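Student: Listed below are the residues making up each chain.
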Amino acid sequence: MTVEYETISVTAGGSRIEVLKGGRGRPLVALHSIEGNLGWLPCYQRLADRFTVYVPTHPGYAGSERPSCVESFIDLARFYPWILQELGIGRATLMGHFIGGWLAAEMAAMCPDAVEKLVLIDAAGIKPERGEIADIFLHGIEGTRELSFHDAQRSREYEAFFPPAKTPEQRELQNHNREATTRYCWKPYAHDPMLPLLLGRLDVPALIVWGREDRIVPLECADLFHAAIRNSRLAVIDGCGHLPQFERPQELDRILSDFLLRD
Amino acid sequence: MFIMRFTERPYVAYTESDVRSSFRNSVRLTFSNAHFDPQVGARVYDEAFEENQYAEEAGFDGIMLNEHHNTPTCMGATMNLEAAVLARITRKPKIVLLGNPLPIFDNPVRLAEELAEIDMMSHGRLVSGFVRGTGVESWATNTNPIHNRERFQEAHDLVIKAWTTPGPFRWEGKHYQFRVVNPFQVPMQKPHPPVWIPGVGSPETLVWSAQHRYPYIYLETDQESTLQMMNIYGHVARGLGYQAGPQHFGYLWRIHVQDTDEKASEVGRGFLIGNAGVGRVPMPVDFMAPPGYNLRGQLPKDVLELYKKPLRHDPLYGGVDAANWEQVTESNRVVVGSPKTVIRKIRQGLEMLRPGILGVWSNDGTIGHRDSMRCLQLMKEEVLPALREIGKELDLPGPFEAAP
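Chains E and S supply the protein sequences, listed in that same order.
Under the numbering used here, think of the first position of the first sequence as 1, with each following residue one higher.
Under the numbering used here, think of the first position of the second sequence as 1001, with each following residue one higher.
Think of the hints as simulated: they come from the structure by calculation, not from any bench.
Quick caveat: nothing in here was measured; it's all calculated off a predicted structure.
By construction, the Cβ of each residue, glycine as well, lies at the ideal position given by its N, Cα and C atoms.
Treat each hint with caution, since some may be false.
As the list claims (entries may be wrong) - Over the 12 Å line for every Cβ pair with chain E, so calculated as not near, a few chain S residues:
1) TYR1054
2) THR1078
3) ASN1294
Unchecked claim - Distance ranges between label pairs, derived from CB positions:
4) E:GLU159 to S:LEU1227: 42 to 50 Å
5) E:GLY14 to S:ASP1302: 43 to 51 Å
6) S:PHE1184 to E:GLY39: 57 to 65 Å
7) E:GLN170 to S:GLU1330: 35 to 43 Å
To be verified - A partial selection of chain E residues facing chain S, derived with a Cβ cut-off under 10 Å:
8) ILE141
9) GLU179
10) ALA180
11) THR181
12) LYS187
Just chain E, with the same shape it has in the complex:
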């Protein structure tokens, strides 16, 4: 597979935002999760022959500046449409994993007209009724990594994109990204009490994908998203943990293609 993308930047609110861009077709914005921008993942490349895929680095994560008043997760969601505006994106498919999915859901709830389709992969954002979203801060980076896979043997590709920090530079980078996640997600932890209500106004087609064995965001959250978004479909991947894009990439690709490529 040839990897074809470029790194561009836009300025929004005086802050320089780094964006990976590749492919051709209608815009699809992939919103990264807690690790920061992991780069051009294989799943983006596979979407790139049908979409122009944009992978912005969120403000405050390594590579992008943050306006000093963007402090909370809601602030981030309110600020983000400006970034898309500077990218010249009118209406786009929003796709995100974990807190990236949460961000996509918040933006869709705020600006439904700007969203073509919505893809939420093992997303944060809704507080479970029975279980808990695992505390990634309390577990630490390595503890969270362990919790993220159903089958630890399948973590190799993830480690290629998110290697355990060995050098001071790698540690510095991980700390920087972790600080950004802390700023946005510390309290209330990884959810917005208002989100289920607001999702009720959405009419866009939405796909909710979950690893059945997700030990970070329990499967019941998939049901809660499914119940909150009327035009949604739910796909649960068996034998898969929190990171389907690394643990079950082919299965995820098939589900994404089904949803995104069929009009």
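Based on the hints, put chain S in the right spot on chain E.
Tutor: Positioned in the frame of chain E, the structure of chain S alone reads:
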């Protein structure tokens, strides 16, 4: 020289394997309070109060308290309550709170009220220290660590204003908002109780303390590193047009005295149990410093050049697996011995660091009450009189002898 007595009031009725069974093997934060027995807790408070009352008789100028949360290593979870008791059961010594962890307070006005009451109840004996708290304090109170320093500074500004500016006034800050700041109780000491800043030397806090001319108390830091950190304070002070002297520096030191060196060495080993770093099991780094807690501020270039992380190995850290008692004592990180021995060793440290405030961490860990009382008695009879003379001879004025 101002000499104060300190203990963390530790709770030690648990085992190493208890700790190792807690989430991420941590003695703080996640070590279950199912291991806590309030009967034992009551005894710890009784003994600490008794020791502190005796510390007054022994001639200490101050009694120092601290505060930590979710941990057996320090029973002072709400230090201000203990301070209120000390206000009534002692008469002369300063009540030195080192310190209230400002970032974890959602209501700094309430804190200003509590401290004002302590100052009045003690008839103006409060020394009000402020700290950022360890990361565990942020975890335990669910305060976003990314805002630790911002909240520290804003809460400080609010408390000082509440103490010094007649109310009512309005406060619309980033982290704190109050319509009507007008606490009726204000401190007895004017313009406000002395503020001291204890810490382990983050350069941002050193700069901030020097800017406010607040004495900085080094909490049992490695002595060579301490000199380096003092240099940062001194450098900033010079830039502001004043010369930092002993009255601007304090040093907290584990010092335990018994009748003989042998006995002191045997009993003093109790220091190795209980406290973070020397505790039974090393702490997860992100419990003590969660992401954002050490967010580097904007340090001026000249300060950055002076700031080098301590590179040398500190034998006191690394938990019971790593702590080496011989190294710990030989390097003077902990002083134990007969009165004669400790006086000699303390003199060396005082000559090197020249602090105007000496914190005597007389007992901790498994050092029992009876040994602690004997230690304080020997301090009274032999050590403190000698230290007074050394303080004069070395010209080490404390902050009540020379204004900082």
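Student: Determine which of the earlier numbered hints do not hold for this structure and return their numbers in increasing order.
Tutor: 3 and 5
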